[in-house]
Structures are given as structure tokens and as C-alpha cells.
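Novice: In case you want the letters, here they are:
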Amino acid sequence: MAASAAFEAVQSELERFANMDRWNARGAIQLALMDAGLEASNVTSAQMKVVVERLLPKQLQSQKIADVPNVCERIRGALALLGDDSRADSPDKVFQRLGS
Amino acid sequence: MQSFSVIGLVIYTIASAVVGVRLLIRANRSHGLPELLAGLSYIGAPALGYPLAIVSSQLSNRAVATPLYLVGETSLVFGCCCFLFFTVKVFRPSAYWALVLAAIGSAVLTGSGLGIIHSWLAYTDPLEVTAHARTPLALMVGVLLLSYVWTALEGFRYYRMMRKRMALGMADAVVTNRFLLWTLSGLCSMAWISVSAIMLAMGYNLARNPINVSVTCAGGILNTVFLVLIFMPPAAYTRWVHRSARAPQLATA
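Chains as they are written, first to last, in my numbering: chain A, 1 to 100; chain B, 1 to 253.
No lab work stands behind these hints, which were simulated from the structure alone. If you're wondering where the values come from, they're calculated on a predicted model, not measured in any experiment. Backbone N, C-alpha and C define an ideal beta-carbon position, used for all residues, glycine too. Hints may contain errors.
What the hints assert, rightly or not - To list a few chain B residues with every Cβ distance to chain A over 12 Å, as calculated:
| id | residue |
| --- | --- |
| 1 | V71 |
| 2 | V149 |
| 3 | A197 |
Claimed, not checked - DSS-like cross-link-like pairs, simulated, lysine-lysine; straight-line CA separation at most 27 Å:
| id | chain 1 | residue 1 | chain 2 | residue 2 |
| --- | --- | --- | --- | --- |
| 4 | B | K164 | A | K49 |
| 5 | A | K49 | A | K93 |
| 6 | B | K164 | A | K64 |
| 7 | B | K164 | A | K58 |
| 8 | A | K49 | A | K64 |
| 9 | B | K164 | A | K93 |
For reference, chain A alone in the conformation it holds in the complex (with noise of 0.2 Å):
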């Protein structure tokens, strides 16, 4: 299934700046996602930016990475780019429209 761009912008970010091989940061941004409830192939960049925030410093020093400080300051410097790309539709929308 594929990813979203605010996905695939942490994996790059984190092979660029924590020196992980893809499935390592693919396997990273997994393991928080599934503490946030989000799915990879519709997190946006508004709720990835929560994840780098709250979650995935954890995942980063339980793979011993070093300075996580400033590899997720780097990846929200790349989500900052990205946007707004909410314009797919999840459950959680679908279920917001139909009781509104």
C-alpha cells in the first residue's frame, strides 16, 4: 500500500540525517504511527508533524540514534514544506461528513 508524502518525507529524512537504512525508518515511523492510531497511507503532515513531536524521539533513542533533537527538527523543517495534503478521504472525514 503506499505511502503518504508526509510519510515518505520522515523516511527520507530520517536515511538523510540518522543515517537509517529505509526499512529501519520505514519500520521507525511504523511503530509511531501505531502508538498515534494513524495509517501510514493517509497520515497528513498536520498530524505527522504530533507524531515527530510526541512519539517518534522514543522509537529513535530505542534504536539508539544519535542526536534525536535535531534529526526531528529537521524533519519538521521537511514537513514544514510540504503543506497542506489533506485532501484525501479517511474514515474520519467520511464519518465527520455524514453526521454534520
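Got chain A sorted already, so can you dock chain B onto it with the hints?
Specialist: Below, chain B without anything else, positioned relative to chain A:
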């Protein structure tokens, strides 16, 4: 028991029709496929199909009963197919396996619907109709049971995800609650379809058996409550959900 069945059927029919029409109006404005599928599903199955199938099977005049039965059975099958594709579109939009499952389910529903209609047209004695419709009806009930199991599982999976999001301030309490109600609605439908499956296995006519019709109608009334709370929630209910969601946070503050 008969009057209870009628009351339950009427309440569920009216509520489903209101919800269905509202969803179709919303689909017309938003051009959203989920709204369209849900609207067609509620109009097709509980608002039109099921009551017509029940009422026509009680009529003694075949000239009146047959067209009603044909419209009812066709609407029922169409509504159930829309419901399957609603689940796919909302919860598994990019999963090929889900699309294939919905297509197979719809094919079985259509085939069993044709089988049931054939029995109705080929025989006039209700006992013979029941006997010859048993196999296609069993198939239809089986697919419906599985579709509600799927609905409940998807609803509960997403409800758990939304609870985690709420803890991080990323989800609205009312929308989160809607997934719980959707799960409960799926479980409720699953329960009454299970009763139908048991009655069918015991050789009863589902449309004429008072226990089956009563259980279906009790489930229908309960489902009406869920439909209202999901699609037309009263302001008092949404306030209560918001208050309930805030209470644990205040307690830990």
C-alpha cells in the same frame, strides 16, 4: 407479537428512509461517493426492500404481491451490495482484496436474490416457495452475516485508532464516538441475522416466522437509535459525548 413486529418494522423503515434521503441530498451537494453508497444502502435495504418483502409475503392476492415482492427483493439486494462497497470505499479504499471481496459478496447476493425470486414466481404455495428458496436464502443470509462482521471489525479497528488520536488531541470526541456506534450497529445487525440463520436452518419461513420478524424488528429499533446518533445526533447527545471525553482529562489535570 405481531403488532410489536409491525411497530418495529415501521419505525426502522421510517428512520432508514429519513437517513437515506438525507445522505442522498448530502451526496448531491458534496458529490461524495461514501454518502451516495450509504444513502442508497439505507433506502434500498431497510427502507424499501425488507418491508416490501415482508408485506408482500403476507398478502394472499398474488397479482398485488408479486410486483411488490420483485421490487422488494431487488431493492434489498441492491442496498446490501451498496453497503459492501461503502465499507470498501471508506475503510479499505486502496485494498484490492477488499474490492474483490465486495464484488464476490455482491455476486452471491445477486445470484441468491435471483434464486429467491425464481422460487416465488415458480410456486404459489408458500410452503413450496419456502422450501425452494431455502438454499439461495441461506447464501444471502450468510453473506449478510459476513458483511456485518466485516462492518463491526472495521468500525472497532478505527474506533481504537481514534481513541489513540484523541489522547494526542488529534481527533474529535463525537467523530470517535460515531465509530463506536457504527461498530455497535454492525454487531446488532449481526445478532439479528444470526437469529435468521438459525431459523432458516430449522426450516422456518423467515418472512412469516413471528420470532424472526420480532427479533429483526427489535434489532431494527435498536439500529434506529444508532442511525439517529450517527447521522443526525441531537445537540444534547454531542454535548454529553464532549463532556464525557473531557472528564478524564480534567480528572488527571
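Novice: Indicate, hint by hint, whether the structure satisfies it.
Specialist: Verification of the supplied hints:
no.: 1; hint: V71; verdict: 27 Å, holds
no.: 2; hint: V149; verdict: 18 Å, holds
no.: 3; hint: A197; verdict: 29 Å, holds
no.: 4; hint: B:K164 <-> A:K49; verdict: 16 Å, holds
no.: 5; hint: A:K49 <-> A:K93; verdict: 19 Å, holds
no.: 6; hint: B:K164 <-> A:K64; verdict: 26 Å, holds
no.: 7; hint: B:K164 <-> A:K58; verdict: 16 Å, holds
no.: 8; hint: A:K49 <-> A:K64; verdict: 21 Å, holds
no.: 9; hint: B:K164 <-> A:K93; verdict: 16 Å, holds
The structure meets every hint from the earlier list without exception.
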